[in-house]
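Please put together the full structure from these sequences, using the hints given.
So the sequence lines, in the order shown, correspond to chains A and B.
Going letter by letter, the first sequence gives residues 1 to 285 in this note's numbering.
Going letter by letter, the second sequence gives residues 1 to 270 in this note's numbering.
If you are wondering where the hints come from, they were derived from the structure by calculation, not from laboratory data.
Even glycine gets a Cβ: it sits at the ideal position worked out from N, Cα and C.
Between beta-carbon pairs, the in silico distance windows are:
id, chain 1, residue 1, chain 2, residue 2, range
1, B, E266, A, R240, 20 to 30 Å
2, A, Y65, B, A249, 48 to 58 Å
3, A, L56, B, D174, 28 to 38 Å
4, A, L56, B, K250, 41 to 51 Å
5, A, E145, B, L73, 22 to 32 Å
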Amino acid sequence: MPIKFEHVSHTYGEGTPFCYNALNDVNLELKEGKFTAIIGQTGSGKSTLIQHLNALLLPTAGTVYVLDRKITAGHQPKKLKSLRQDVGLVFQFPEYQLFEETVLKDVAFGPKNFGASEEEANQKARAALRKTGLDAEYEERSPLELSGGQKRRVAIAGILAMDPKILVLDEPTAGLDPQGAAKMMELFDSLNREGKTVLMVTHDMEQVFRYCDEVVVLENGKQKIQMDVKSFFKDPELCRQLHILPPALIRMKEMLEKKGFEFDEDIMDLRSFSKEVARQVKKNG
Amino acid sequence: MKAVEVENLTFSYDLEVNAIDGVSFSIESGSYTTVIGHNGSGKSTLAKLIAGLLEKKSGKITIDGFELNEENLREIRNRVGIVFQNPDNQFIGSTVRDDIAFGLENHCVPREEMDDIINRYAEQVRMTKYLDHEPTLLSGGQKQRVAIAGILAMKPDILIFDEATSMLDPKGKDEIKRVIRDLHRESSMTIISITHDIEEVTTADNVVAMYKGKVAMCGTPEQFFADPSQVRKIHLELPFAMQMEEELAKQGLKLDRTITMEGLVEQLCR
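Structure representation (structure tokens):
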């Protein structure tokens with residue numbers, strides 16, 4: 001059981017006039033090796049939630065279990081350093097956090113900080129850079145002179161270099177062009193296939209539809225829904241209630257159903273959907 | 001009449017690589033034009049050049065018939081407004097009211113006229129309720145709407161949105177898209193929207209597609225999507241309707257090219 005939230009609440013500024021209850025009695029279990037999407041409107045508690053995973057924030061009530069650690073409200077957590085090595089958290093627009101002189105140094109900073117030798121750290125950094133698609137030519141360049149998409153890759157390589165068991169991503173493709181975003185998602189998908197548990201905060205339903213196994217919906221600091229992706233998108237009305245635009249394929253299905261087409265609700269990919277549409281058009285035409 | 005004419009424009013940040021490399025195109029006055037292209041293709045640089053915020057290396061930019069040069073710079077900056085990507089980087093005032101007033105103060109608009117103007121544009125972006133709110137209490141979408149009001153108060157002829165919705169959540173994105181659509185419908189303003197949203201491109205009047213600092217294509221969305229292999233070559237994706245049309249063709253169902261889902265449905269139900 002890599003992640004479990006038990007009655008977790010988080011209140012910012014408790015006991016002050018600015019007191020704000022960002023998480024409210026969240027109960028959640030995430031299985032090992034899954035690719036989970038966390039969705040919800042701004043202010044629903046997504047960022048607060050994910051910062052509990054590596055104890056950047058501590059619960060003000062309840063208990064968070066991450067891998068073999070237990071973080072309970074009111075108790076100072078132990079083994080924080082190893083927890084932060086096991087849970088790699090990539091913030092939004094992580095390219096703003098690059099600071100070293102060269103790409104290699106920036107990526108090697110994490111492993112070095114966790115006690116790796118210079119040589120070992122560089123080796124890990126190189127491997128991480130290759131995974132994100134940056135070849136040796138980039139190693140000695142200043143991270144600050146790269147393009148936005150390349151900087152994002154460096155920042156993500158910095159987290160991968162620590163070889164986390166759980167990868168937590170906060171809107172990792174925001175601002176990237178469609179092809180850059182697709183490549184990034186392919187990377188996370190392959191890391192997930194290698195066995196890493198991946199959690200991703202996103203607003204992009206096409207990505208959720210295509211890559212994720214499970215959806216967690218937060219609303220006003222409460223966990224509203226936890227469902228596998230296929231069941232979640234079977235009912236487009238559910239999406240609309242949550243102010244979410246369903247993926248294009250689902251919308252197309254709906255539009256055609258209104259015109260008399262009939263589809264099996266399990267059809268979820270473009271190829272089988274198109275095949276079925278073609279069959280029905282030919283039959284009726 | 002042309003709102004923007006760009007001829008053989010070249011610009012470089014480092015004197016080595018041309019970020020904008022011999023670019024020519026024009027934009028009709030009153031049209032809605034989207035500018036698309038991969039990260040680093042030169043879209044934002046182009047926007048800043050048109051707004052007179054960067055200085056070209058060579059070539060010519062003409063705005064509403066005025067050539068962009070030192071003499072006309074002030075005139076052109078009055079005519080071109082630009083809304084940037086990050087809602088937090090363009091909020092200057094301590095309240096919504098102050099923020100909209102900032103540009104007016106710089107233009108020495110008399111105090112008695114200011115209130116009217118502020119109210120008018122706050123209403124246009126549906127922010128009247130928030131006039132005395134501080135920026136920290138606003139959502140990203142609301143901040144962007146205030147930025148738009150502040151620019152509208154300057155009465156520009158051309159309004160550029162440089163990925164103005166890319167940092168917003170779906171609700172914020174919808175708010176801004178609605179404001180832009182209303183502006184386009186209700187005013188004669190020329191709208192230039194830099195975007196990665198391929199579905200937005202399908203609803204625009206024109207598309208300028210950038211690739212590695214050059215214009216790869218300039219025309220209507222239909223013209224742009226006419227050659228799918230070309231679209232993929234410049235690292236862009238096809239709208240869903242076209243992806244599906246390709247799949248249907250593989251199943252032996254040939255349809256006319258269509259770039260919208262509505263167009264596809266219509267053909268399938270014929």
